Structure formats: structure tokens, C-alpha cells
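Visitor: Starting from the known structure of chain W, fit chains G and U onto it as the hints suggest.
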Amino acid sequence: MFRMILSEIAGAVGGELCGDADVEITGCAPLESAGPGQIAYVEKGGVKLNADSRPSALIVGKGVETSIDRIEVENPLLAFAQAIELLHPETNPEPGIHPTAVVDDSARIGEGTSIGCLSSVGAGSEIGRNCVIHPSVTIGRNCRIGDDCVIHPRAVIINGSVLGNKVIIHSGTVIGSDGFKYVRDGGGQNLKVKHIGIVRIGDDVEIGVNCAVDRGFLEETVLEDGVKLDNLIQIGHNVRVGAGSVIAAQAGISGSTIIGENVMFGGQVGVADHVKIPDNTVVAAQSGVIASLKSSAVYAGTPAIEIPRWRRMHAALIRLPELVKKVRRLEKKERTVKWT
Amino acid sequence: MFRMILSEIAGAVGGELCGDADVEITGCAPLESAGPGQIAYVEKGGVKLNADSRPSALIVGKGVETSIDRIEVENPLLAFAQAIELLHPETNPEPGIHPTAVVDDSARIGEGTSIGCLSSVGAGSEIGRNCVIHPSVTIGRNCRIGDDCVIHPRAVIINGSVLGNKVIIHSGTVIGSDGFKYVRDGGGQNLKVKHIGIVRIGDDVEIGVNCAVDRGFLEETVLEDGVKLDNLIQIGHNVRVGAGSVIAAQAGISGSTIIGENVMFGGQVGVADHVKIPDNTVVAAQSGVIASLKSSAVYAGTPAIEIPRWRRMHAALIRLPELVKKVRRLEKKERTVKWT
Amino acid sequence: MFRMILSEIAGAVGGELCGDADVEITGCAPLESAGPGQIAYVEKGGVKLNADSRPSALIVGKGVETSIDRIEVENPLLAFAQAIELLHPETNPEPGIHPTAVVDDSARIGEGTSIGCLSSVGAGSEIGRNCVIHPSVTIGRNCRIGDDCVIHPRAVIINGSVLGNKVIIHSGTVIGSDGFKYVRDGGGQNLKVKHIGIVRIGDDVEIGVNCAVDRGFLEETVLEDGVKLDNLIQIGHNVRVGAGSVIAAQAGISGSTIIGENVMFGGQVGVADHVKIPDNTVVAAQSGVIASLKSSAVYAGTPAIEIPRWRRMHAALIRLPELVKKVRRLEKKERTVKWT
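Going line by line, the protein sequences match chains W, G and U. All the letters of the first sequence, read from the start, carry residue numbers 1 to 340 under my numbering. All the letters of the second sequence, read from the start, carry residue numbers 1 to 340 under my numbering. All the letters of the third sequence, read from the start, carry residue numbers 1 to 340 under my numbering.
Chain W extracted, bound-state conformation (with noise of 0.2 Å):
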């Protein structure tokens, strides 16, 4: 088990001790049932214990009372999330390649990274320093990978897939599968159109699981830094998603769609194929976005409208039938008056 005082964590998340300073810490739990030896935090607002609860220090926001010994921060959860990262450090493999992996001769392994049992590294592929590959990873050929990145079990890095530094895939996401794009032969037959280009990775991009990441026809599908993706998404061939965007969980990206910076996607959003969404846009989660939005407002339903006009829009539905009824009573009104 993982120890440290207080007043180290306080140095090392760069907040104000309050209280004692020599508290051993020996792990992160929620303030409900926080127990000795535990750390919590509290995010705003009072400090609510539960019968159970009786964490040993807290971390908190500024001006936040309690007589827990705490470290006060300006972001706790900030804070919170570096103090899992001492107290619950990654137990990564050794560094080398597991006997049973199947590595190509040409591949270049960097120094540091592991490469888990049951893997296996195509011809051509580079993998930087310090990656860890997980058990069970399929990487085909010519694939990059950068430095610190992760690789979580049964995830599929398809040929000549890119990927930056810090990247994080996550189990049965695959990386680089061809685009869904049929041209009609002379027959009637959907002809499958063969797709050369590749899926381009920025740094410090994360993928949920079991997504699907198609590669370019032509051109590049591209996720730029800073990127994350919840669990089970589509994006489409040729997409390209701006910079610390972030798309929650079933959203799909059609192909060709162009999305901007900083945008957020509720879960389940759909977005048609050769659209523009601005940067800092936000879509309610199940909405539809069927053709390009002109600014960067938030979004909801299908087609997505601006939020504050679909807010009315459903208030009025909701109480449609009594609409529906005061139109039937104007009209039997109407019949009984002397229309001049």
C-alpha cells in the first residue's frame, strides 16, 4: 500500500494545508464512505458525512468549513484527480515484448514500452518509447505510434494508422477499418470502393471502447490533439475533429463531416455526412444534425435547433392536444356567430 502525509500531498497538488500536517494518507474514496486513512474531496458547498464516513484529510475549495484536516485548492476535483495519481499509481508491465507476442522482424520497438501476451505488431510498424500495448492488441503494418501511449486489450491499430504521443485506445476500439462507400457497377451491384487513406492521430487523444474509427478514402480521418471520445462511437471516413473536442458516449460522425475546436457532443448525437460544425458548439445528447451549423451555439433535437428556440418548441409540444381542443372550441364558436 501506497503511503504519504498531507502536507506532501499538499506540495505535490499545490494547495493550503489546513490542519495537520503529518495525517497518513493511504488512498482516494468517495466522501461518503471515506474511511481512515482516506482522502476525499468536496467539490462545493458544505461537507455532508454519511454514518460511515470518516475520511482522515479532505481536499476542498476555498472557504468550504469543515474541521477535517484538508488541503484547500481552487480546483478540487483538479487537485483530486493528481492525488489518485500519487496515492494509486498505474502497476505497468516490465518493459519488453511477452514470448507469446508476435512482433515482425521490421517493427521498431521503443525503449521502455511493453508489449503484452498474445499481441501482435505488423511489418513496418514503429512504436515509440514507453508505451505500454496491452495483452491481446492487434497493430497491422506501417502503423506509427507515438511515445506514452496506451493501448488497452483487444484494440485493433489497422495499416498505416498514426498516432501522436499520450495516446490512449481504449479495449475493442479499432483504428483504420475502410470507409463505407459502394459505387453501383453496370450490374445494379454495390461495387465496394477500396479506401487509401489513413486514420491520423493528434497527441493526447483518448477513444473510449468498442469504437469505430474508419480510415480515409483519399484523404486522412483526422483526430486532432486533445480529442476524446466516450465508448462505442462512430466516425466516419474523412472527419476531421478539432482540437479538445469531446464526444460522449453513441454519437456518430458520418463521413466527411468537418468539426471544429473545443466542440461537445452529447450522447447518441448523430451528424450527417458533409457537415461543418463550428468550434466551441455544443449538441444535447440524441440530437440530430442533418445539415451545417452557421455559429457556435447550443444545439438540440432533430434537425438540432438552437437550444433556447427547441426549449419553446417542446413546451408548446408537450401541450399540444389542449391546443388541439382550443382550436375545436373556437371553431364550434365561429359557427355560432353572426360573421357580418
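Careful: at least some of the hints might be erroneous.
Unchecked claim - Covered by chain W, according to a simulated footprint, are these stretches of chain G (three or more residues, beta-carbon under 8 Å):
#, region
1, 230 to 240
2, 294 to 305
3, 316 to 325
As the list claims (entries may be wrong) - With a straight-line cut-off of 25 Å between C-alpha atoms, the simulated BS3-like cross-links for lysine-lysine are:
#, chain 1, residue 1, chain 2, residue 2
4, G, Lys332, U, Lys326
5, W, Lys194, U, Lys48
6, W, Lys326, U, Lys333
7, G, Lys181, G, Lys166
8, G, Lys194, W, Lys166
9, G, Lys48, U, Lys181
10, U, Lys276, G, Lys48
11, W, Lys181, W, Lys276
12, W, Lys333, U, Lys325
13, W, Lys181, W, Lys194
Since the hints were derived computationally from the structure, they do not count as laboratory data. It should be emphasised that the depicted structure is a prediction, and the values quoted were computed from it without experimental measurement. Every residue gets a Cβ at the ideal spot worked out from N, C-alpha and C, and that includes glycine.
Guide: Just chains G and U now, with coordinates in the frame of chain W:
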């Protein structure tokens, strides 16, 4: 081929034999195409045979009229499901660890359990008795898997996950992946918040193909006893799904949402984060639940409302163009009337 | 690098050469960025070159005006797709079974077929000729796979599945998983109903990444010839998808639904169970089909209605707040009029 006589089946499923006790049955089939040696079932109503349909016997509800040899039961599908198990027993692999599997020395594998080819089990994990771990399964470190579990090819059980007894995990599903949580650091970048919680799965839980069940942040993500998930479902971090709840394909449950017992969700349902769903609630397919539901009713739409209201609303909506015309006509008339 | 002269390409794609027959072509590229040695295509309209665009040749439709050496054809994308195949041929692995693959002694592997590293093929399975089984594919027992198929890394083909010729299965897709069917037993528990049907896939079918195609319950789940599925699609048990139908990403088809030929579904479409969809039907993205469709039209919305009606409905819906105001004004006026 397996063989039983009708009276044996009747005894095993607890039904009443009507007809020839010695009819030999070798398998189950649909009523429309059952042939000699096969048994079919009839849920309710009359027995409608196709030209090709020559079942040797039937399992029927009380009072179904037919001259075919049969077993009468209260619940024909239940009895038929039992007959399938008898007549089409699973061919399980021999217990033991396949030579190509990579099982850490510190892992403990129960009696009667088989570990398929090209699977791996990490350090400190425990697998109970009479489990079938199919080929190419990845089990991480410190997982605990109960007795009589079946893990299908390419499922991934990540470090620390806990599974009860008789749990079935289908191919491609990932249990225990990181949740989707970031905090803005000083430089405006999204910093990953490390997850130290786990996934805890009860007894008799079945999870379909290519699902994602994220681990808790500090807490546990919990699927209680008897939960059934279909394919391609997203379960966010800290979610709790109550006992006996059933969720159809492609639904997504956002983080920290609490779902009661015996809840039913249709396909592609989305539920927002930090929402509470009461016991016995039903949510229709494609609906979006954006706030806690007060009572256990049937809901539909986005945002989800009680289905009688949704039906009235939708009936009015579909006639909205006509309503617009009516109002236009009233406005015209209004302009011609002499108001006092 | 591959090299062809323009007249060779013109001959191969059946087009008319206009310009220098001997221009040397080494690859295909998008018009916007094609450089020396590259050929691009122009679907229709004029040829718009970027500053950086210096294609050595073009494939164009009849009557497209340009001074660049070119091949004129009826269908530029079709010809270009053929040119891609010529200039960017697949690098297939050598036929044979990789030493780390686990192939049961009773499995039969056709001539010219390669089985990649860390793949497995179960007892009784037959794989045809000239197939590429990529690394880490799992094929169960008693599967039948035709000739010229490509199974991408981490696909899973479960026991008894039947695939035709020229079938492409992408990474992470699972063919033949159990359907989602339970029956309440006497104690109120959901008892799993075992599935003994299979999946049958025709010729020229392509299935994208991380899809789930459930086996039939007693019957077969069928994807007929030429069906194309995009990524992350759910196909329930007993579903039949007619020849030539094309389904976009994240759509879900519930159990026992019958889809006609040449149907097109947009992304995230959901279809209820036991529904019939006529030939040539088109359903727009995110729509929900909850009952059988009568005629082969274009549908949108949830529940899906014919798109001209949906458009009128939606145009009215978006102005609903204004309609509410109009009715309110009429009501006010009404109270001031002298009714007779």
C-alpha cells in the same frame, strides 16, 4: 444425435402427456418447418401447420386443440426452453487450460473450468468452478469470477472486476473500462481523471455482444442479480442497474444513474447522468430520459413522458399541418367579423 | 511502387483516352492534393484545382472540360474505384497457417487461404479457397466460410455460422451470438432461452466494425447476397435482410423483422421487432420504425412516416410557439365578440 421419448420430455418439463408416450424426439424446431423427430411449441391460439410442417410432437398451452401427440403445460415457451436444453445440450470443452492460454502463476482456476486457446488471465485473478472461458478472452489482474460463468470469445474483463455466479458475458464486451471524466487543468486542457472504482456484477447476469461497462470512478458500477443487457449497450461509471432489469440493444446509460429493479428499456434508449429510475419502469425504444422519473409508469419520447400523454401528443403532432390550416382559416374569418 | 501508363488504365477501366497515352501513373489521390504521377477523378461539374493540385491525369465524366490528360467514362467513381484496385493492390499474406494460429485437426482450410497469427478455427469448420483470415480472428465450431472471403482482426464467427463467397467481415464484429430472449420461470426470474438457429450470410456481403449479428432462435438469421452493413449495427435474431440492402452505422434491427431488397437505412435508425419493410424502402437517419411499412417510400421520424408528410409536420412544429400565440390572440378576441 440426442434422443428422448415424449414421456421423458413431459416428465422433465412437468407437463401432461397427451398421446403416444413413446414418440421419439431428436430435436426442437419452429412449428412452420418442424419435421419427423422434431418437437415444436405453440404459444397460444390454434395449431397452424405449413405444408412442410410435420412435427412429431408439440408442447402446447392448456386447451390448444390438435391431434398431434403433445405435452400440455401452463407456459409453453418455458417448457420448450427446457426441452431445448435437454435435446440440444451444450458441447463444452474439456476442463483445463489450453496450452496456448497465458495464465499467470498467481491466478487461481476452479475445478471443472476450461480456459480456451489464446486466452489470458492476469496476476491475482480467481475464476470459480465449472466456468467456460472461451478462446481469446482477456481477463486482467485481480478479477474475481464466480462459478458456472461463461465468457465468450474476445470479451475483456479488466483489472479488479467482480462477477457473481452463472454470469454470461458475450463476445467483444468490455467490463471495467475507464469512465469518461476529465477536469480542465490550468492550461485549459482536459486532464484524464483516473478511475479507481470497479465493476461488480451479481448472479445470473447476461451481457450481450460489444457492450461497454465502465468501472466506477471511486465507487462501484453495479449490475445486480438477474440483470440482462442486450448488445452494444453503454453503461457509464458509477451506474447501478437494479435486480432483474432488462435493457435492449444500443441503449446508453450515463454516469451515476440509478436504475431500479425490474425496469425495462427498449432499444436505443438514452438516459442522462445522475438520474433515478423507479422500480418496474418501462421506457420505450429510442426514448431519452433527461431527468429522474417520479413513478413507475411506461414512458416514451425525448424528453420521455408518460406514454398515454405521448400518444395523445403524437396523434396531435401528426395532424399539426391541418391544425395550422384551421388556425389560418379562423384568423381570416376573424378579420371579417365585427368585433364589438 | 506500382506504375501504369494512362492508356493501360484507360483500357482496364473501359474509358476513352484523351491526351498523352504514355503519362506514367503511380497512384490515386484526391483532386485537391494530387501531385505528379497521381490520377484523380471528377464526379461532375468543372475541374477545380487547388494551388497545390498537379494531377498527372484525371478520370472524368463525358463532357468535363479540362486540358489535363484524362480518361473519359460514363461513371467516373466506378472507373476510379477500378483504378485504385489496379494501382494500390492489396498486400495479402502468403497462404498457409501461421504457426501461432490454433486450427483444429478436423477443420478444413481451402487452397490459397491464409490464417493469420493468433487466430483460431474450431472443430468441423470449413474455410474456402483464397480467403484471408487476418490475425486474431476467432472462428468457432462447424462454421462454413466460402471462397475469397476476408475476415479482419478480432472478428468472431460463432459455431455453425454460414458465410457465402466474397464476404468481408470487419474487426470486432460478432456473427452468431445468442439472441435476446428470456422466459419468466415460476419464481419470476428471467430464464435464458437457448438459441439453436444459425446465421446465414450470402455472397458479396460486407459487415463493418463492431457489429452484432445474432443467430436465429430456432430459425436462421439471414443476410442475403450483396447486403452491406456499416459499423456498430445490431441485427437481432431471426432477422432477414433482403439482397442488396444497405444499412448505415449504429442502426438496430429488432428480432424477427423482415427487410426487403435494396432497402436503405440511414445511421442510428431503429426498427421494432416482427416488422416488415418493403423492397426499395428508404428510412432517414435516426428514424424509428415501429410498425410494418405499407409501401416502398422514403420515411423519416419516430414513429416513421412518409417524408413529405414529415417535412410538413416538422415545418409546422418548428413554428409551433407562434401558432400557440395566434390561438391565444384569437381566444382573447373571442371573449370580446358578441356571440349570438
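Visitor: Need the status of pair W:Lys194, U:Lys48: alpha-carbon distance at most 25 Å?
Guide: 24 Å, holds
Visitor: Is the listed coverage of the region 230 to 240 of chain G by chain W valid when you require three or more residues with a beta carbon under 8 Å from a beta carbon of that chain?
Guide: holds (count 3)
Visitor: So if I understand the rule, the pair passes when the alpha-carbon distance is 25 Å or less; does G:Lys332 with U:Lys326 pass?
Guide: 12 Å, holds
Visitor: Next pair to validate is G:Lys48 with U:Lys181; report whether the Cα-Cα distance is within 25 Å.
Guide: 23 Å, holds
Visitor: Take a quick look at whether W:Lys181 and W:Lys276 sit within 25 Å of each other, Cα to Cα.
Guide: 20 Å, holds
Visitor: If you draw a straight line from the CA of G:Lys194 to the CA of W:Lys166, is it 25 Å or shorter?
Guide: Holds - the C-alpha atoms of W:Lys166 and G:Lys194 are around 15 Å apart, at most 25 Å.
Visitor: Residue count check for the region 294 to 305 of chain G against chain W: does it reach three with CB-CB under 8 Å?
Guide: holds (count 3)
Visitor: Would you check chain W against the region 316 to 325 of chain G, counting CB to CB pairs closer than 8 Å, and say if three or more residues qualify?
Guide: Since 5 is at least three, the answer is holds.
Visitor: Would you check the hint for G:Lys181 and G:Lys166, treating anything up to 25 Å between C-alpha atoms as holding?
Guide: Distance of about 32 Å is beyond 25 Å: violated.
Visitor: Need the status of pair W:Lys181, W:Lys194: alpha-carbon distance at most 25 Å?
Guide: With a Cα-Cα distance of about 8 Å, the restraint between W:Lys181 and W:Lys194 holds, given a limit of 25 Å.
Visitor: Next pair to validate is U:Lys276 with G:Lys48; report whether the Cα-Cα distance is within 25 Å.
Guide: 21 Å, holds
Visitor: Mind checking the alpha carbons of W:Lys326 and U:Lys333 for me, to see if they're no more than 25 Å apart?
Guide: This hinted pair holds, its Cα atoms lying about 13 Å apart.
In terms of the numbered hints stated before, the structure departs from hint 7 and from no other.
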